[in-house]
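Note that the protein sequences, when read in sequence, are chains A and B. Going by the numbering used here, the first sequence runs without a break in its numbering and finishes at 215. Going by the numbering used here, the second sequence runs without a break in its numbering and finishes at 1472.
Calculated directly from the structure, the hints in this document are not laboratory data. Careful, some of the hints might be misleading.
With a straight-line cut-off of 27 Å between C-alpha atoms, the simulated DSSO-like cross-links for lysine-lysine are [what the hints assert, rightly or not]:
| # | chain 1 | residue 1 | chain 2 | residue 2 |
| --- | --- | --- | --- | --- |
| 1 | B | K1369 | A | K34 |
| 2 | B | K1286 | B | K1339 |
| 3 | B | K1009 | B | K1168 |
| 4 | B | K1369 | B | K1291 |
| 5 | A | K176 | A | K156 |
| 6 | A | K156 | B | K1168 |
| 7 | B | K1017 | A | K204 |
| 8 | B | K1170 | A | K176 |
| 9 | B | K1281 | A | K204 |
| 10 | B | K1017 | A | K176 |
| 11 | B | K1281 | B | K1004 |
| 12 | B | K1090 | B | K1109 |
| 13 | B | K1017 | B | K1175 |
| 14 | B | K1250 | B | K1109 |
| 15 | B | K1004 | B | K1107 |
| 16 | A | K204 | B | K1009 |
| 17 | B | K1369 | A | K204 |
| 18 | B | K1281 | A | K140 |
| 19 | A | K176 | B | K1168 |
| 20 | B | K1090 | A | K34 |
| 21 | A | K204 | B | K1286 |
Just so you know, these numbers come straight off a predicted model, no measurement behind them.
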Amino acid sequence: MRAFTVHTGVVAPMDRPNIDTDMIIPKQFLKSIKRSGFGPNLFDELRYLDEGQPDADNSGRPLNPDFVLNQPRYAGASVLLARENFGCGSSREHAPWALEDYGFRAVIAPSFADIFFNNCFKNGLLPIILPENVVDGLFKAVAGTEGYQLTIDLDKQLVMTPDDQDIPFEVDAFRKHCLLNGLDDIGLTLQDADDIHAYEEQRKQNAPWLFNAGA
Amino acid sequence: MAGKTLYDKLWEQHVVKERDDGTALIYIDRQLLHEVTSPQAFEGLRLAGRQPWRLSANLATPDHNVSTDAGERAGGINGIQDPVSRIQVKTLDDNCHDFGITQFDMKDKRQGIVHVVGPEQGATLPGMTIVCGDSHTATHGALAALAHGIGTSEVEHVLATQCLIQRKMKNLLIKVEGELGAAITGKDVVLHVTGVIGTAGGTGYAMEFGGSAIRSMSMEGRMSMCNMAIEAGARVGMVAFDEITADYVKGRPFAPTEAQWEAAVAAWQDLVSDDDAVFDKVVDIKAEDIKPQVTWGTSPEMVTTIDGTVPTLDDARDDVERSAFKRAYEYMGLEAGQKITDIQLDRVFIGSCTNSRIEDLRQAADVAKGRKVAGSIKQAMVVPGSGLVKEQAEAEGLDKIFLEAGFEWREPGCSMCLAMNSDKLGAGEHCASTSNRNFEGRQGYGGRTHLVSPAMAAAAAIAGHFVDVREF
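So here's chain B without its partners, still in its complex pose (with noise of 0.2 Å):
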């Protein structure tokens, strides 16, 4: 019999019960909630007389509305100036209160975005199946555990049974062999897969990366990559547990302790794809053809290197793509051919649940060390993932290099990913974002996003420009 991937491994572990029709209940053993997606689901279980299934499984935080100044932030739930977002804050507020779930609140330091708080705290562990109502849930599945995103309905209904009714995904590999070349990371693998397979190349698909270049990256490189493998279709992001698993997990909040820790870690030892595993779908990538990545278009696999150019429609495979990059040029502002270094910036932002852990600042602090942000950028902000992480970065000095270089040193939120708050793009404006979409409007109306590293960010403030950050 042929050996089980990770996938399978974590799927047969939390199968309640099949059905005849090929479905199965699925056993959800944690549940982040924010205050975008639950309002409804809330809403639905007090209609229906219902209560949570079990509260310990849940934990809240805001995130995406909360202002990043720290003015506004001062004031809690009723300093937030936008009344439509100051209520749905208000509403999470209320429910946690209502139904006893635990909240990192606005005033808490272990605020922050819910796929920062969630492996921060030792709240996502290996093994678990973890949802939110949030498609960059699949950041969780970087500590060896079977993360998704789900919609409203699914909240509730996991709120009410902690169970999810499913169909097993296929299985898929991006392996990635060799050794990633200096200043390549997690987001530049990522894009690039990404650019490889298509925004659809993983629809239906569990994915996991493996080989040697992913045994060798950071948890904070394996949840970046994790985070956005919705952006090539797949739900689930993955990467085996290993000693660096162990290590990360160790002494948070929420994981085991002694003689539960030394039992969770034998377990989890099981939590990798066996060698004779079959996999459905195998991408193989050779570590060193990765470039620093750079989106020219409004989707994620419009994406190009640092040392390349916007595509032609010659290079489109069919029609359809080449209506799509003709609506592309005219939404981004930018002509076929053109080189990616000549694209002028106006705003940088650093940050989102891909990007805002301690090591993707240090990485952008690194650049900016010493630095000045070119005077042609309207504003270069930076945005911790978390109070934790802001208070670990203040710790390092790494505000105080921000700063002198004239970037922004911001309260933790989702920010400018989604301009939810009052961080957003100007119409016209381009922008290097750390963040996940590229697609029109998502970081302001009108607004011009390029997906980036957090050093290639860095770098591009600095220059006004892009720029290759392996030269600079």
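Only chain A is shown next, with the shape it has when bound in the complex (with noise of 0.2 Å):
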């Protein structure tokens, strides 16, 4: 997993709330065995007129002029700033996959899903929850001023906007350790392998019925 230490970026606004997975990566793309590739497909109903297709080439697809990521001032957005429960609905962890992919870091928004929230941290991609008025704020200075740009301190736990405040945001400590190192949690997990076998002895014994193999 990418390391996310210290990140400036450009904002992205998507002004509207409880934004699903389905509109992040709709279901088509899920056929995909991969996990890379999905950035040109995010958003694909928003981004694009026409209706998109895996493994098509989207290079001469019609854009939709209206769509936030389309305008020429959010070119190479880093950080997209979003309404409340965001990434609610399908678990499918393509939605990080396919931000990642396109070049997202970080999502700010006053609230996420649980399922999303989580998977965001397995992939280099940090969610940042703030409260609701700060993040309407962060709206209008972004409608406000052309090239918008916060900078995010994970080891700080900052996000300091151009005019030099410092927003203060709460991350989960094992989360926060993982991500500024890179780590693969699965290598953490293992160290505890004594601890799981005892575990499952101890649940033989009490509840045997789990441990069946089944029809």
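With the hints as a guide, bring both chains together as one complex.
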């Protein structure tokens, strides 16, 4: 996993609540058996005027000029600003894969759906929860300043604005550690293999039916 | 000391190790696998040179991509016409063979939607922790289990370690007291709840459904309800263990037998929230207040009753919701104030992990019996949740009722719930659907989904528009 330490980037605003993972990456692209290559189809139904197909060339497709990521002022955006309950719906990890593949490193919103939030941390993408009024203020700042950028320092847990405001955010200590260092948490869990074996032995005694081989 | 909730108990029974930072290593008893969210997990295992921790904890079946057309199905994997879908189903097959994981493949009559197959086989049992790379894993909580959806990285984590690193959620009780009216199902209850608390109302919570209305609800109804806990933001939906649970599980292929059954049932008696348990939030609902539900918009919280109307902008709670309403009117092709019964339909879909079990099909067949699908309906399809549900329905003659009424009788799979196979809506088409999500494009590019119960969907197919099944 790609580590996240300090990142500065252009902010793109997605001004609607309840952005679901079907919207982030529609189902036809979930047929891929790879982890990469989803970026060109991020927000496919909002971004293009026609229906996208998996494994197709997207370069000649008609773009929706009204969609935020198609506007020149947000070219190269790497911080996504969103409203409440971002990432709701399907558990598809293809959603963070698509955001990351497009070039996003962080998403800022007042709230996230649980599964999406968790999936982000496995993929070097930092979801940041900020109070609604702060997010509102950022939407206004982005609208008012072309090329508006934010700097995010994970170690210090700060979002830094161009006018030198430092906005603190919370992050789970373990997830922060893994993300700062780009760690694979399977390796970390396997360090506890003895504890897992001990748990299994105890469960086999008091709930043996959980270990039946099946039909 | 205060008593414990069902969730507290399930959590405590599965803690392998507490960590200093407040997270815990939680043991997973069962992982269900399907073709869409597992290939990258198996690839990860291979790249790291790892093996599954405990093979027998895993059970796989293809469901999202499989065709529900009998002709296309007859060819097995090689018969799948879409080459991208075919590769994905083949990849699951190869991975199960390579790693030695039990799979109900396309030709196995036990194949079906993972969330139908697990309980049907007794592969998901009370007291278990159950995960699957699918958000509707909450379904299995209906059996007093701790079940939730995970992403592909965690699928790989569970394959490799049989554990997940988790932080304990908060406790939410949805208390439905009283008696549900005629034709009111678990689907109506959960849609009503979503309308009350919103799609983020359950975020961060494990949601238990309790109260007298739930105690008298069938297992199928409980599964439909827990299935959609995620639509109200909760990863976990649960119902306490009782006699209805035990009766459902007994005799299923993976269920314990004889002395082990007795021991299991004795242990399962404790899978209830204690009388003095403290919940972080309680939502009280009167069963009598719940009418047949129909969604009008593009989020499950955009729901109203069959005698209702599309809400107006004045009904929105703030500017953010007002703009969401405007988008939804436009996408759905509806006007504020329009009567729900005036919405004309193009297609009807009865199926999905929410509503494709035998009871769902019986309820729909009861309505369809002796009637005909309206001429204005382009397609009305019934897709059983598994090969065994299909077999049971055919033994009861339900297939004939549907066929005589003009419905299509299909092979099992996820089908038009998310349109990863060829079952999909055309742009602008309105569909009465027993599935779980009315998101933009969910059932097909530009498609317009209205979520309802199976009986409501069947009645809508006959009338050509929504009607109150209680007066039908």
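Tested hints:
1. Note on K1369 of chain B and K34 of chain A: the hinted pairing is violated, with a Cα-Cα distance of about 46 Å set against a maximum of 27 Å.
2. Between the alpha carbons of K1286 of chain B and K1339 of chain B the distance comes to roughly 25 Å, so the proposed pair stays at or under 27 Å and holds.
3. A hinted pair counts as satisfied when its Cα atoms are at most 27 Å apart, and K1009 of chain B with K1168 of chain B qualifies at roughly 12 Å.
4. Restraint check for K1369 of chain B and K1291 of chain B: satisfied, since their Cα atoms lie roughly 23 Å apart, inside the 27 Å limit.
5. At most 27 Å may separate the alpha-carbon atoms for a hinted pair to count; K176 of chain A and K156 of chain A meet this at roughly 11 Å.
6. A hinted pair counts as satisfied when its Cα atoms are at most 27 Å apart, and K156 of chain A with K1168 of chain B qualifies at roughly 25 Å.
7. Of the pairs offered as hints, the one joining K1017 of chain B and K204 of chain A holds, with about 17 Å between alpha carbons and a cut-off of 27 Å not exceeded.
8. Taking the CA atoms of K1170 of chain B and K176 of chain A, the gap is about 22 Å. The hint holds against a cut of 27 Å.
9. Between K1281 of chain B and K204 of chain A the CA atoms are separated by roughly 35 Å; this puts the pair beyond 27 Å, and the hint is violated.
10. About 20 Å separates the Cα atoms of K1017 of chain B and K176 of chain A, which keeps this hinted pair within 27 Å; it holds.
11. Under the criterion of a C-alpha separation no larger than 27 Å, the hint pairing K1281 of chain B with K1004 of chain B is consistent with the structure, at around 14 Å.
12. Between the alpha carbons of K1090 of chain B and K1109 of chain B the distance comes to roughly 18 Å, so the proposed pair stays at or under 27 Å and holds.
13. Straight-line distance between C-alpha atoms of K1017 of chain B and K1175 of chain B comes to about 32 Å, which puts the hinted pair past the 27 Å bound.
14. Restraint check: the Cα-Cα separation between K1250 of chain B and K1109 of chain B comes to about 20 Å, which is no more than 27 Å; the hinted pair holds.
15. Distance restraint check for K1004 of chain B and K1107 of chain B: the Cα-Cα separation of roughly 45 Å exceeds the 27 Å cut-off, and the hinted pair is therefore not satisfied.
16. Under the criterion of a C-alpha separation no larger than 27 Å, the hint pairing K204 of chain A with K1009 of chain B is consistent with the structure, at around 18 Å.
17. About 50 Å separates the Cα atoms of K1369 of chain B and K204 of chain A, which puts this hinted pair outside 27 Å; it is violated.
18. A hinted pair counts as satisfied when its Cα atoms are at most 27 Å apart, and K1281 of chain B with K140 of chain A does not qualify at roughly 34 Å.
19. A hinted pair counts as satisfied when its Cα atoms are at most 27 Å apart, and K176 of chain A with K1168 of chain B qualifies at roughly 18 Å.
20. Our distance criterion of 27 Å between C-alpha atoms is met by K1090 of chain B and K34 of chain A, whose separation comes to about 14 Å.
21. Proximity of K204 of chain A to K1286 of chain B is assessed by CA-CA distance (about 42 Å); at most 27 Å being required, the pair is judged violated.
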